[in-house]
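Those protein sequences? They're chains Z and S, same order as listed.
Each residue of the first sequence is one higher than the last, beginning at 1 in the numbering used here.
Each residue of the second sequence is one higher than the last, beginning at 281 in the numbering used here.
Be aware that one or more of the hints could be misleading.
[Stated by the list, open to error] Below, computed lysine-lysine pairings styled on DSSO-like, alpha-carbon distance capped at 27 Å:
1. S/LYS452 <-> Z/LYS109
2. S/LYS452 <-> Z/LYS119
3. Z/LYS194 <-> Z/LYS109
4. Z/LYS77 <-> Z/LYS242
5. S/LYS452 <-> Z/LYS77
6. Z/LYS109 <-> Z/LYS119
7. Z/LYS109 <-> S/LYS436
8. Z/LYS194 <-> Z/LYS77
9. Z/LYS194 <-> S/LYS452
10. Z/LYS242 <-> Z/LYS193
11. Z/LYS77 <-> Z/LYS109
12. S/LYS436 <-> S/LYS452
13. Z/LYS242 <-> Z/LYS194
14. Z/LYS228 <-> Z/LYS194
Think of the hints as simulated: they come from the structure by calculation, not from any bench.
If you want the building blocks of each chain, they are given just below.
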Amino acid sequence: MNQETPFLRVAGVSKIFEAEGHGHERIQVIDHVSMDLTAGEFAVYLGPSGCGKTTLMRIVGGLETASGGDVVLAGRKVTGPDRQKGMVFQAYTSFPWLTVLENIRFGTKYRNDIDTAQKDEIARHYLDLVGLTEFADFYVNRISGGMRQRVAIARTLAAGADILLMDEPFGALDAQTREFLQDQLLEINRVEKKAVIFVTHDVEEAVFLADRIFMFSARPATIIEVIKVADHIPGERHMDIKETEAFFHLRNHVRDVMRDQARATEEKLERALRPEDGGE
Amino acid sequence: MTRPSLFAYRGQSSGRSDLVLGICAFIGFIGIWTLISHFEVVPQRFLPLPWKVLSALYYMLVERNFSEDIWISVARVWSAFLLSVVMAIPIGMWMSNYRIVGTLIEPIVDFIRYLPVPALVPLLIIWFGIGEASKIAVLWMGTFFQLVLLIADDTKRVPREFIEIGYTLGAKPRQITQDIVLRAMAPSMVDNLRITLGWCWTWIIVAEIVAANSGIGHVIWAARRFVKTPEVMAGILTVGIIGLATDQAIRLLHRRYFRYL
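When you get a sec, could you build the whole thing from the sequences and use the hints?
This is the structure:
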C-alpha cells in the first residue's frame with residue numbers, strides 16, 4: 001500500500017473545538033487519526049454517537065477544517081468543499097421546490113465540463129439508476145423518505161463526485177426501507193465504483209455495506225480497529241449473506257467492541273456531569 | 281360526520297364547512313350590528329345601520345370622487361411597501377449570511393423597531409414636509425425595520441444542509457444565495473410580505489389623518505369633523521375590503537406559485 005499514493009489519505013488529523021462559553025473550553029473530538037482509502041473502496045466509519053466520526057467525514061469533505069494533519073484526495077490537498085466530494089445527509093436535502101428529476105438535474109447545474117444536452121442525459125440516467133423513473137415529475141415531499149434519499153444519492157452522482165460522503169443517510173428510515181436501500185446502494189456502486197465513506201452507528205449496516213470497517217473509540221475519536229470484511233465474508237455482497245454464519249460471527253465481534261466503547265462513553269459522561277464536590 | 285371534528289381539539293378542518301361557518305359568522309355579525317342600531321341600543325348617530333354605511337360609500341364614490349382618494353392611498357401604500365421590500369430583502373439576507381452585517385445592524389434595528397411610529401410622524405413632517413415624501417417615510421419606518429428582521433429570520437431558517445449541499449455541488453456563495461437560499465425561504469418570505477403589507481394600511485391612515493389633504497385617511501378625518509358617522513365607517517370599510525382583497529390575492533398567488541407545499 002505504500003508504494004503509490006492512495007486515492008484518499010487522511011494523515012494525522014486532529015480536531016479541537018474551541019467552545020466560547022464559560023471559561024475557554026477546548027474539546028478534542030478527533031485525536032490524530034490516519035487512514036487510507038483506495039479508489040472504489042467502501043469504508044464505513046462506525047462509532048458511538050458523538051464520537052467525532054461525522055466530524056472526520058466532514059473534514060474529508062472540506063466542510064470542516066482540521067486543527068492538525070492533512071487530507072489528500074486524488075493527489076490534491078483538501079481545502080474546502082467542492083463537486084469532487086459529494087455529500088448525503090441524514091436530513092432530507094432534496095429541494096422541495098423541485099421535482100424528482102429537477103432535483104437530480106440540479107446536481108449538474110454548476111458543471112461546466114458538459115453541455116445542456118449532456119446534463120439532461122445524465123439526470124435521466126441517474127433517475128433510472130436509482131429506480132425513480134416513474135416518479136420523475138413528483139415533487140419530493142410527495143414521495144417517501146427512502147425515495148428522497150435515493151434522489152439525494154442520484155443528485156450527488158449527477159454532480160460527478162469522486163467520493164461519496166454519507167452521514168447516516170438511512171438513519172431516519174424504517175428498518176425494511178433501510179435494508180432495501182442498503183442493498184440498492186451496493187448495487188448502484190457496483191456500477192459507479194465510487195469511493196464511499198459511510199458514517200453509521202448501526203453494526204449490521206456497517207458489516208453489510210463495508211469493504212472495510214473503521215471502528216472509532218469514544219471521544220476523542222481514534223481508530224481502534226480496522227476490519228477488512230472480505231477476509232471474513234467472502235463473495236458477492238447480497239441481502240442473503242445476512243443469514244450466513246460468517247455474517248453473524250463478524251457482526252457479533254463488531255458489536256462487542258462497540259458495546260465496550262458505548263459503555264466507556266457513558267461512564268465518561270457520567271463522570272463529567274457528576275458534581276465535583278460529591279465526586280470520587 | 282363533520283361535527284365531531286369541528287368540536288374536537290385541533291380537529292381536522294374541511295373546506296366546505298369552514299366556508300359555510302365563515303359566512304354564517306359574518307351574517308351573524310351584521311345581524312347583531314343591525315339589531316343594536318335598529319333598537320338604538322347605541323344611538324344611530326354613533327352606530328348607523330349597515331345599509332346606511334353602504335349608501336354613504338356609494339354616495340362618496342359617485343358624488344365625491346372617493347375613488348381618487350382610494351387610488352392615492354393605494355399608490356402611497358404600494359410605493360412605500362415596495363421600497364421597504366427592495367431594501368429589506370437584501371439587507372435581511374446579508375444579516376443572516378454574513379455575521380459582520382448581522383452584528384452591526386441588529387442592535388440598531390431592534391432599537392428603532394420599538395419606537396412608536398405615530399410618535400415619529402411630527403419628526404418626519406419636519407424632515408420631509410407634508411408632501412408625499414413624509415407619508416412614504418412613515419410607512420417605511422413602520423415596516424422596514426420589522427420586515428428586515430423577518431427576512432433575516434427566514435434566511436436563518438434555511439437548513440444548513442441545503443447550503444452545504446450547494447457547496448458540494450460546486451456552487452459559489454452568490455449562486456447558493458440565488459438558487460437555493462432564496463428559493464427555500466420564498467414561501468415564508470411571501471407570507472411575511474403579506475403581513476407587512478397589512479401594517480402599511482395601518483400606518484397610511486395614521487399618516488393621512490395627521491397630515492394630508494387626500495387619501496382615505498383624510499376622507500375619514502374630514503367626515504369626522506361633521507360627525508358623518510356613515511362616511512367614517514364607509515372609509516374604514518373600504519380599507520378593510522382592500523386589505524382583504526389584497527390578502528386573498530397574495531394567498532392565491534402563494535398557493536399557485538408554491539404548489540409543492
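Taking the hints in turn, this is what the structure says about them:
1. Pair hint S/LYS452 plus Z/LYS109 holds up; C-alpha atoms about 12 Å apart against a cutoff of 27 Å.
2. Proximity of S/LYS452 to Z/LYS119 is assessed by CA-CA distance (about 19 Å); at most 27 Å being required, the pair is judged to hold.
3. This hinted pair checks out: Z/LYS194 and Z/LYS109 have alpha carbons roughly 21 Å apart, not beyond 27 Å.
4. Between Z/LYS77 and Z/LYS242 the alpha-carbon distance is near 38 Å, which puts this suggested pair outside the 27 Å criterion.
5. Our distance criterion of 27 Å between C-alpha atoms is met by S/LYS452 and Z/LYS77, whose separation comes to about 20 Å.
6. Distance restraint check for Z/LYS109 and Z/LYS119: the Cα-Cα separation of roughly 8 Å lies within the 27 Å cut-off, and the hinted pair is therefore satisfied.
7. Under the criterion of a C-alpha separation no larger than 27 Å, the hint pairing Z/LYS109 with S/LYS436 is consistent with the structure, at around 24 Å.
8. For the hint pairing Z/LYS194 with Z/LYS77, the CA-to-CA distance comes to about 19 Å; that is within 27 Å, so the pair holds.
9. Restraint check for Z/LYS194 and S/LYS452: satisfied, since their Cα atoms lie roughly 25 Å apart, inside the 27 Å limit.
10. Between Z/LYS242 and Z/LYS193, the direct Cα distance comes to roughly 22 Å. Compliance with the 27 Å bound is thereby established for this hinted pair.
11. Straight-line distance between C-alpha atoms of Z/LYS77 and Z/LYS109 comes to about 25 Å, which keeps the hinted pair within the 27 Å bound.
12. Among the hinted pairs, S/LYS436 with S/LYS452 is consistent with the structure: their alpha-carbon atoms are about 18 Å apart, no more than 27 Å.
13. For the given pair, Z/LYS242 sits about 23 Å from Z/LYS194 by alpha-carbon distance, which is consistent with the 27 Å threshold.
14. Between the alpha carbons of Z/LYS228 and Z/LYS194 the distance comes to roughly 18 Å, so the proposed pair stays at or under 27 Å and holds.
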